[in-house]
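Starting from the known structure of chain C, arrange chain Y on it as the hints suggest.
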Amino acid sequence: MDKEKVKQIVLDIIAEIAPDEDLTDVKPEIRLRDQLDLDSMDFLDIVMELRKKHGIEVPEAEYRQLESLDSSAEYLFPKFEAKAVA
Amino acid sequence: MPKARRKPEALDGQHFEVVVVGAGMAGLASALRLAMFGKSVLLLEKHYVVGGLNSFFARGGRKFDVGLHAVTNFPPKGSGKASPLIRLCRQLRIPFEELALSPQSFSRIAFPDVDLKFDNEFGFFISEVERLFPREQDRFQKLLRTMEAFDAYSPEVAGDVSARSILGEHLQEPLLIEILLCPTCYYGSAVENDIDFASFVMLFDAIFRQGLARPLDGIRRFLNPILKRYEELGGKRRMNLGVKHFVTKNDIVERIELDNGEIIFADHVISTCGVVETERMLSSASQDENADDVSRISILESIAVFKKQPADFGWEETIVFYNDADVFRYERPDELTDPRSGVICIPNNYRYPNGEQMAEGQLRVTCLANYEKWVALDENSYRSQKEICRKAMLEVALGYLPNGNSMAKELEERTELLDIFSPRTIKKFTGHLDGALYGSPRKSRNGSTRFGNLYLAGADQGYVGIVGAMLGGVAVANNRILRGD
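Order-wise, the sequence lines are chains C and Y. If you read the first sequence in the working numbering, its first letter stands for residue 46, the second for the next number, and so on. If you read the second sequence in the working numbering, its first letter stands for residue 2, the second for the next number, and so on.
Just chain C, same shape as in the assembly (with noise of 0.2 Å):
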């Protein structure tokens, strides 16, 4: 696991919530919410898909930390860490 796969892992997510976006050209450092069409409902969908694909909780007061590729990927990967080791 590195950070490049935790990024992997959020994309398809959003492939899956939201296969109507284009996501060939999503820049990992702009907020996903500038550069496609997700609101808050969404947001709560990656957080849910996160739980059930990959044992991952992610508390309310954190999902702000969701809001790049990169800034996912910074707070997900010592998650998926542990998840590994555990």
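There's no promise every hint is true.
PhoX-like cross-link-like pairs, simulated, lysine-lysine; straight-line CA separation at most 25 Å [as the list claims (entries may be wrong)]: (1) C:Lys124 to C:Lys72; (2) Y:Lys237 to C:Lys97; (3) Y:Lys429 to C:Lys98; (4) Y:Lys47 to Y:Lys428; (5) Y:Lys250 to Y:Lys309; (6) Y:Lys229 to C:Lys98; (7) C:Lys48 to C:Lys72; (8) Y:Lys429 to Y:Lys237; (9) C:Lys98 to C:Lys48; (10) Y:Lys229 to C:Lys97; (11) Y:Lys429 to Y:Lys374; (12) Y:Lys245 to Y:Lys429.
Derived from the structure by calculation, the hints contain no laboratory data.
Then chain Y, alone, in the frame of chain C:
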């Protein structure tokens, strides 16, 4: 938040994380959302079919939709997530294309001396308003800006602001106000002679700014993919089974007693039965509680099926909202039915793909009706009054279709089947007190009740239309159960 915590596995088949009461549009949407994220969900429905007011039934080997005239909110091309219907599809993960929606031809609002046409191009509607009310042009534009700045879908929105008064502040021609109220009230107002401003904005956008559409095979096209997905995800459903009581203890629903005497348990309960109906299901409630909050709006709807395409009669419009006076009456009539105002729907006149068409012509006419008068009838008078009222309604309605009155005889000769449903039928399909079409005038937008684990969804959230009801169900599932879980 206090919860009736019990391990779901502990009482197999009797304990669920969420029990959703009512398999109408809101109940189906919330149940699917919850099942999607692994919740153990039981969906209970008193009736034998799903859909609630937007259900379907069979007569003479044909399937009919109960309530569906049009799916509103049909998104203009490229409107993306700003469209409530696209947002709904994304939340339920049902591809928009799967709904197979076909747009309307055009529709009309007919008042004495004024006939306003509209289709799914918002610009055409505006040009019609400007053509008929040239002096209102600037004021109408200002009204549009007021509506654009208003977040009608906000969970915090006030549900008791009169649309009539806001329209009155913006516009000077009373007739234009009536013309704007007519279709919006008919498609979603629970109060008489007015509609709350949030619902007005939602419906105005749903009907005019977005548009009307329908799947060729009707509401089942909407219901089937939802049910299929729900069942694939392991969601449970029990039909012909209603709730007798919600038994409460310490500000939570502690258990649910079903009509057949069974007891079940739930961490969360979503009731789509309506605000007053739900209160009366509480073990402590009396049966006449909050009678003032029961809506006075109900309808009689007639359906004629005939051997000819409506276009061959010269009827090409999809929907006609009509009113025989300059003032729009939207109130419980003193008589059984008031035929002077109503809605015509011709489901053949959607633009179905590849020239496909419904095999037979269909003409639906809807007028307001008095629930109390209809329930007071004995079975014989009920049958005969349905026929008398149907004829009276049809006669007036035909006057609003091109050469309608001169086609009356041929229409009758070609009619293969007639059906009519009354406020009694609506009560049966929806369980709403007094056959209330759009729930109670008292709305609970965020779905909260005084019980920590009981939430309301559906018409009494004040989200209107099929798309609105489903988004309401999704919002309750998201905000009350999934978020912060």
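Each hint, compared with the structure:
1. A threshold of 25 Å between alpha carbons decides the hint, and for C:Lys124 with C:Lys72 the separation of about 23 Å falls inside it, so the pair holds.
2. Annotation: proposed proximity of Y:Lys237 to C:Lys97 holds, straight-line Cα distance about 20 Å (limit 25 Å).
3. Restraint check for Y:Lys429 and C:Lys98: not satisfied, since their Cα atoms lie roughly 42 Å apart, outside the 25 Å limit.
4. For the hint linking Y:Lys47 to Y:Lys428, the alpha-carbon distance of about 12 Å falls within 25 Å, and the restraint holds.
5. Restraint check for Y:Lys250 and Y:Lys309: the C-alpha separation of about 60 Å exceeds 25 Å, so the hint is violated.
6. A hinted pair counts as satisfied when its Cα atoms are at most 25 Å apart, and Y:Lys229 with C:Lys98 qualifies at roughly 22 Å.
7. Between the alpha carbons of C:Lys48 and C:Lys72 the distance comes to roughly 15 Å, so the proposed pair stays at or under 25 Å and holds.
8. Taken as a hint, the Y:Lys429 and Y:Lys237 pair is honoured in the structure, with Cα atoms around 23 Å apart against an allowance of 25 Å.
9. Using a Cα cut-off of 25 Å, the hinted pair C:Lys98 and C:Lys48 holds, with the two alpha carbons roughly 17 Å apart.
10. At roughly 20 Å between alpha-carbon atoms, Y:Lys229 and C:Lys97 fall within 25 Å of each other, so this suggested pair holds.
11. Taking the CA atoms of Y:Lys429 and Y:Lys374, the gap is near 16 Å; set against the 25 Å cutoff, the hint holds.
12. At roughly 16 Å between alpha-carbon atoms, Y:Lys245 and Y:Lys429 fall within 25 Å of each other, so this suggested pair holds.
When each numbered hint is compared with the structure, violations occur for hints 3, 5.
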